[in-house]
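Asks: If you want the building blocks of each chain, they are given just below.
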Amino acid sequence: MTAADRPDAPPDAIVFDIRELTKIYRMGEVEVQALREVSLTLPEAEFVVLLGPSGSGKSTLLNIIGGLDVPTSGQVLYRGADLTQADEAELTAYRRRHVGFVFQFYNLIPSLTALENVALVTEISSEPMAPEEALGLVNLDARRDHFPAQLSGGEQQRVAIARAIAKRPAVLLCDEPTGALDISTGVVVLEALARVNVELRTTTVIITHNAAIAAMADRVIRLADGRVTTVEKRTGAKLSPRELVW
Amino acid sequence: MTISALNRKLLRDLLAMKGQAFAIAMVVAAGVAMYVMYLANFASLQETQRAYYARQRFADVFASLKRAPLAVAAEIAAIPGVSALEARVVANVTLDLEQLDEPASGRLVSIPADRRPTVNDVFLRRGRWIDRGRPDEVLASEGFVTAHGLVPGDTVSAILNGRLRRLAIVGVALSPEYIYSIRPGELVPDDKRFGVFWMDQQALAAAFDMEGGFNDVALALAPGASAEAVIARLDRILEPYGGLGAIPRALQLSHWTLENELAQLQSFGVLLPLIFLMVAAFILNVALTRALALQRPQIAALKALGYDNRSLGWHYMKFALLIGAAGVVIGLAAGAWLGSAIGDLYNQYFRFPELLFRIPLEVVLGATTLTLAAAAAGAFSAVRRAVRVPPAEAMRPEAPVRYRRTIFETPVIARRLGTVGRMVIRNVARHPFRVGASIFGIAFAVAILMVAFVFVDAIERLIVMQFWVAERQDVTVTFVEPRSPDARYALARLPGVVAVEPLRTVGARIRAGHRERYVAVTGVPPSPRLRRIVDRDGRAIRVPPSGVVLSKTLADVLLVAPGGDVTIEVLEGRRPIRRVDITGVVDDVLGLSVYMDLGALHTLLREGEVTSGALLLVDPAQEAKLSRSLKGLPAVAGAAFKRAVLRSFRDTIAANMNLTIFINLLFACVIAFGVVYNAARVSLSERSHELASLRVLGFTRAEISLILLGELALLTLLALPVGALFGYALAAAIFETVQSEVYRFPFYISRQSIAWAFLGIIAAALGSGLVVRRRLDRLDLVAVLKVRE
Numbered sequence: 001m002t003a004a005d006r007p008d009a010p011p012d013a014i015v016f017d018i019r020e021l022t023k024i025y026r027m028g029e030v031e032v033q034a035l036r037e038v039s040l041t042l043p044e045a046e047f048v049v050l051l052g053p054s055g056s057g058k059s060t061l062l063n064i065i066g067g068l069d070v071p072t073s074g075q076v077l078y079r080g081a082d083l084t085q086a087d088e089a090e091l092t093a094y095r096r097r098h099v100g101f102v103f104q105f106y107n108l109i110p111s112l113t114a115l116e117n118v119a120l121v122t123e124i125s126s127e128p129m130a131p132e133e134a135l136g137l138v139n140l141d142a143r144r145d146h147f148p149a150q151l152s153g154g155e156q157q158r159v160a161i162a163r164a165i166a167k168r169p170a171v172l173l174c175d176e177p178t179g180a181l182d183i184s185t186g187v188v189v190l191e192a193l194a195r196v197n198v199e200l201r202t203t204t205v206i207i208t209h210n211a212a213i214a215a216m217a218d219r220v221i222r223l224a225d226g227r228v229t230t231v232e233k234r235t236g237a238k239l240s241p242r243e244l245v246w
Numbered sequence: 001m002t003i004s005a006l007n008r009k010l011l012r013d014l015l016a017m018k019g020q021a022f023a024i025a026m027v028v029a030a031g032v033a034m035y036v037m038y039l040a041n042f043a044s045l046q047e048t049q050r051a052y053y054a055r056q057r058f059a060d061v062f063a064s065l066k067r068a069p070l071a072v073a074a075e076i077a078a079i080p081g082v083s084a085l086e087a088r089v090v091a092n093v094t095l096d097l098e099q100l101d102e103p104a105s106g107r108l109v110s111i112p113a114d115r116r117p118t119v120n121d122v123f124l125r126r127g128r129w130i131d132r133g134r135p136d137e138v139l140a141s142e143g144f145v146t147a148h149g150l151v152p153g154d155t156v157s158a159i160l161n162g163r164l165r166r167l168a169i170v171g172v173a174l175s176p177e178y179i180y181s182i183r184p185g186e187l188v189p190d191d192k193r194f195g196v197f198w199m200d201q202q203a204l205a206a207a208f209d210m211e212g213g214f215n216d217v218a219l220a221l222a223p224g225a226s227a228e229a230v231i232a233r234l235d236r237i238l239e240p241y242g243g244l245g246a247i248p249r250a251l252q253l254s255h256w257t258l259e260n261e262l263a264q265l266q267s268f269g270v271l272l273p274l275i276f277l278m279v280a281a282f283i284l285n286v287a288l289t290r291a292l293a294l295q296r297p298q299i300a301a302l303k304a305l306g307y308d309n310r311s312l313g314w315h316y317m318k319f320a321l322l323i324g325a326a327g328v329v330i331g332l333a334a335g336a337w338l339g340s341a342i343g344d345l346y347n348q349y350f351r352f353p354e355l356l357f358r359i360p361l362e363v364v365l366g367a368t369t370l371t372l373a374a375a376a377a378g379a380f381s382a383v384r385r386a387v388r389v390p391p392a393e394a395m396r397p398e399a400p401v402r403y404r405r406t407i408f409e410t411p412v413i414a415r416r417l418g419t420v421g422r423m424v425i426r427n428v429a430r431h432p433f434r435v436g437a438s439i440f441g442i443a444f445a446v447a448i449l450m451v452a453f454v455f456v457d458a459i460e461r462l463i464v465m466q467f468w469v470a471e472r473q474d475v476t477v478t479f480v481e482p483r484s485p486d487a488r489y490a491l492a493r494l495p496g497v498v499a500v501e502p503l504r505t506v507g508a509r510i511r512a513g514h515r516e517r518y519v520a521v522t523g524v525p526p527s528p529r530l531r532r533i534v535d536r537d538g539r540a541i542r543v544p545p546s547g548v549v550l551s552k553t554l555a556d557v558l559l560v561a562p563g564g565d566v567t568i569e570v571l572e573g574r575r576p577i578r579r580v581d582i583t584g585v586v587d588d589v590l591g592l593s594v595y596m597d598l599g600a601l602h603t604l605l606r607e608g609e610v611t612s613g614a615l616l617l618v619d620p621a622q623e624a625k626l627s628r629s630l631k632g633l634p635a636v637a638g639a640a641f642k643r644a645v646l647r648s649f650r651d652t653i654a655a656n657m658n659l660t661i662f663i664n665l666l667f668a669c670v671i672a673f674g675v676v677y678n679a680a681r682v683s684l685s686e687r688s689h690e691l692a693s694l695r696v697l698g699f700t701r702a703e704i705s706l707i708l709l710g711e712l713a714l715l716t717l718l719a720l721p722v723g724a725l726f727g728y729a730l731a732a733a734i735f736e737t738v739q740s741e742v743y744r745f746p747f748y749i750s751r752q753s754i755a756w757a758f759l760g761i762i763a764a765a766l767g768s769g770l771v772v773r774r775r776l777d778r779l780d781l782v783a784v785l786k787v788r789e
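Respectively, the protein sequence lines represent chains A and B.
Under this note's numbering, think of the first position of the first sequence as 1, with each following residue one higher.
Under this note's numbering, think of the first position of the second sequence as 1, with each following residue one higher.
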């Protein structure tokens, strides 16, 4: 994965080159085809929104490109390196160095404060930002010493974002980041994601049910039944989260 | 038979947590096994003893004397309350065995040739009864015959009253009088060096110039007769004949030893299992609390379907009872197996015609009841808490746990701990009860293991104190009769003898108020070189020119202290009776001793410088030669070689200790493994979400294992010092129960013992940690993150 280490990748470099990705789950005696020969490319620094109904394969796709899952067949090239050939330890190292995750249910460590949750990642990264700086990016400096149980849902999600970006990942993968939040809180979270995308040039992939969020994106990919139905490269002005109509 | 849906759920839920259920069941099983092991042996021994005593008509009162004409026996038989008696000749002899370098001892007990004894009948295992008119025929004790590989038809040489005789073994026998048989002055039974032989009354009397007389009598009492009253009358009758004081059955050596063992079995059989069951109840509570937290939505659904609190409570209670029942079954099997192994060990100490090992129904019922009660008690609070939640609330996930910084996290410590370290200690601080239960459990495992090693320490210490610090002689020689001081010069001329120290001991009854004991009074030279009097800590005690020094245990038995006095009734020679001052007590390790200045003892006995034996320092290279010379001296009744005594002591103790250590090791590991495994599984269940999150963030398997195992390591680490304290207390309590008038183990815990106990527990904890680690490797990252914790 030497390609990943290039700090001066050109602006339009391809981060993910996905080729004929297929994933079949065996749930007992039933086979579920989650992905059917999906092919895609995701350029660097883009804000990508993945849309689609439940069971369309969004999460499976995200988990595979995030190194959490392996495909049944096909290839995922991350900056030219084949993730599908990587073993368990290499995938862990890949997640550790290049990928930030944000989930619907935050997954913060309840026994650690906001700052400590971020530090958890910076302690194992090679060139992280200071945990305080990451919390500053999501406007949570004031809550740094609070435990998760003392934070609201939106605040917890912003801590999760700060934790995901503190290592300066190349890609930020978000699975329904606003799914558990009300509109106003969701907006604050999306603002944090947009800011990170612009300021750190992090390739950001967001899964959502909420089609309105597509207006923020550089690229909108729609999935249905395990296949990509459309890929829309948006050329017009991106809306800010506050301008979205929910 | 159909199983209700709810019961089917119960079985499947149990199956789902089979690892934990098994670990808990094993701790229960260890407790049950101990209970069964001890109490079944108690019951078996007691039952065997009772039946044996009844069948062989074991006597109620015993007396030895110098010599009385047989007519006196009729007088004794007339004492009210005496139902039967046997007037006998009993003699201690030296055996000349070719296989042994040092002389062995034998006890000859007379039996009638033409009938069975009316009391203390002998059980004939093999061969035949002795024939009248064949004076050299004997029955030999089974232990001796087995130890030497002898069979009826073989002969044994013995020195009877100064004459070498070949005794022909015609039968192999056992007697209730010698269930536990020990050579006088030794610590443990040694069948190679001590044997009992039953010989024709007339032949034995002839050999010892006892024709028409006896020197020993055993009485059976009528039901309800007072042993005390009979003993008082008997002592008066025997006094003119050199009576050495009659004793009741309770003080008869074999019986007394057996009773002590029985009392110990009974107290161990209750104390230790109770602690095991308590640990099991604790970890059952911890496991169930977590299992039921996971069942919250199911409990809600069942309630919504109309199940009431009682039926749900009973449903989950059965969870605990089934685990307990599994423990009972495993424990009964293990207890039967280990119990019979211990029973085999008892067969080496205690000789019964047949030691039947059986597990009485009461023991099985007792184990079952105790266990189910402990399981129910452990489950109670967990079940009540889970079932009492209203259904609507139970549908929602449990409120998130509030964490806070712990008081340990000062800025300096916090920095050192790192983020992972902080997770570990906050999590530990968050669950004080659970952590307490785990620490208690592991600490108890440490204690169990420590106790085993501490016994080794104590025995080593006792050996050092007795055989090296106190007694520096290599050989202790006892004479048949007290002899003039010239005897020491004769001994000094024997091969290899470097130094001789005369020994004067005399049998006496020591009395304070109505308390009394039979003891040997030892005369101590002003500056003893070979045998010194030392206390448990090895400090030498000086014997003042007047008065007596008593073993502390003897002083305790007699309820006397320095400054007070005791009455000494000498049971030999002119049989003087004197009141003497107690000038000191010595907290020694063996026996009940009375020490007097040697000169003062001679004065008390109104005798010259006679000796009853001698202590020898010898050249080890010539020990064998010396032994052969001693065997040939008719004046020598016995010679104890320290090396041989020590070897047999170690051999006997080693067999006992190895089994005890094995059992304790096994049970300590079961507890440590069970507790740590359970704690790990509960932790894993609660934190799989968190650990999966960390894996997603890029933590490696090794790193997240460190978090989970770090917690276990911390628990184990905290438990070790607590365990050392428990071990100290438990060992002290057990020592208290094994202290006797025969042994006082010096209570001493070596650093090695603590280290071994710690290492054993760390290994068990590590083992269970590794088992749980394998589960961490199978953590499903994606699935775990899909659900809300």
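Don't take each hint at face value.
Stretch by stretch, here's where chain A covers chain B in the computed footprint (C-beta under 8 Å, at least three residues) [as the list claims (entries may be wrong)]: (1) 423-429; (2) 694-706.
One side only, chain A facing chain B, incomplete, derived with CB under 10 Å [to be verified]: (3) Asp69; (4) Thr72; (5) Ala93; (6) Asn107; (7) Ala119; (8) Leu120; (9) Arg234.
Since the hints were made in silico from the structure, they are not lab data.
Ideal Cβ placement from N, Cα and C applies to all residues, glycine included.
Asks: All hints are to be evaluated individually against the structure, with a verdict given for each.
Replies: Hints versus structure:
no., hint, in the structure
1, 423-429, "holds (count 3)"
2, 694-706, "holds (count 9)"
3, Asp69, "6 Å, holds"
4, Thr72, "15 Å, violated"
5, Ala93, "7 Å, holds"
6, Asn107, "4 Å, holds"
7, Ala119, "5 Å, holds"
8, Leu120, "5 Å, holds"
9, Arg234, "29 Å, violated"
When the structure is compared with the earlier hints, violations turn up for hints 4, 9 and for no others.
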